[in-house]
Amino acid sequence: DGGITQSPKYLFRKEGQNVTLSCEQNLNHDAMYWYRQDPGQGLRLIYYSQIVNDFQKGDIAEGYSVSREKKESFPLTVTSAQKNPTAFYLCASSIDNRGRYSNQPQHFGDGTRLSIL
Amino acid sequence: AQSVTQPDIHITVSEGASLELRCNYSYGATPYLFWYVQSPGQGLQLLLKYFSGDTLVQGIKGFEAEFKRSQSSFNLRKPSVHWSDAAEYFCAVGGRSGGSNYKLTFGKGTLLTVNP
Chain X
3 DGGITQSPKY LFRKEGQNVT LSCEQNLNHD AMYWYRQDPG QGLRLIYYSQ
53 IVNDFQKGDI AEGYSVSREK KESFPLTVTS AQKNPTAFYL CASSIDNRGR
103 YSNQPQHFGD GTRLSIL
Chain L
715 AQSVTQPDIH ITVSEGASLE LRCNYSYGAT PYLFWYVQSP GQGLQLLLKY
765 FSGDTLVQGI KGFEAEFKRS QSSFNLRKPS VHWSDAAEYF CAVGGRSGGS
815 NYKLTFGKGT LLTVNP
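So the protein sequences, as listed, match chains X and L.
So for the first sequence, the numbering used here puts the first residue at 3; every next one is plus one.
So for the second sequence, the numbering used here puts the first residue at 715; every next one is plus one.
Bound-form chain L, shown alone (with noise of 0.2 Å):
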């Protein structure tokens, strides 16, 4: 089965300094890799997406992600934080799950706090 760790519940940093969120996932398969970002009662607003090919992609607002296959890991980075950054990030990996049902599995999110 799937599933993806977010080690860090709750992560404070201060405005203008570089961010590193970080994931682990477990899939037999290459696996679809996502990150997503929610604000206070909104939706999920999706950020970047692995899915093969250069292992470092480029996101939306400045962030980027690289893949690490050896570490099964799909860390997020920012070089410099914004207070606007401040929001739940979840990673999610996607893949094929008890038979031909495609399915993302949700981290349990890391919250960011961005002091002034």
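So here's chain X without its partners, still in its complex pose (with noise of 0.2 Å):
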């Protein structure tokens, strides 16, 4: 079956220590998103990729640096710049938003649960 999926599901920072959360799809989406949710407050964009070695900054992303080698892969490193990273992190895909496909809802995977220690 075509899905997303994040790992590990839960993760634990020290202070100081970067950490990277990993995000692999299937379904041969070109975009690829990052949202970062805190309790009451929502889903918010942290970076987001509509195609390969391409990245773009979502409205939190001080903190946070992405990387899109692969078309399947985009993983999200939380540095030690971030100072607040307890969170729940989602990470999606969508069909090109670029252009007539822009309509296209975004498939979620299941979340990493990140921790200050």
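PhoX-like, lysine-lysine: derived pairs with alpha carbons at most 25 Å apart: (1) X:K59 <-> L:K817; (2) L:K817 <-> X:K73; (3) L:K822 <-> X:K11; (4) X:K85 <-> X:K11; (5) X:K85 <-> L:K822; (6) L:K817 <-> X:K72; (7) L:K822 <-> X:K59.
Note that these hints are calculated values from the structure, not bench results.
Can you join these two chains into the complex? Each is in its own frame, and there are hints to help.
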């Protein structure tokens, strides 16, 4: 079955440490997204990528970095500059949103919960 | 800028009762509208979407939603709620923001509790 796989499901970060969250999709989607979810805040967009080797900042990109070297993969690094990293992180993908497919819905993984030790 | 408001943070209904979850949006053009559901510790699942045409759209799990342009609303309804419907529900509006880039903007969610 096609889908989005996020790993690990739970992750703990020490002070001053960078951690990387994995997101892999086998839906052959061009666009991929990272969201942060905090209780009562809904989903906020961190970064998104519409094609390989290209990505743009979302609404809350500070303290995060991404790469898009392969179509299937869009890892998110939470750096030590992110002072409040405790949250639920969701990865999503969709068919290309740049052209006539701009109304395509996003498909979500099951999330990674990040906590500070 | 586009925005979504879900006025109800938490709703409690009895099993078998009808349900309506409210969603109001702000967007300058014809919006693309979505409802997603999230079970605890899980990702989001698409319930239904509105792009154009018939303003009453049917989704999965017996849900439907009605687009009302005059009220800028896209309320989600279900005639008879089941205990398995207990979850958090998110309304989202899609559109182009800040140029050519398309993005989804989510509401803050409505938590649904179902009493037996």
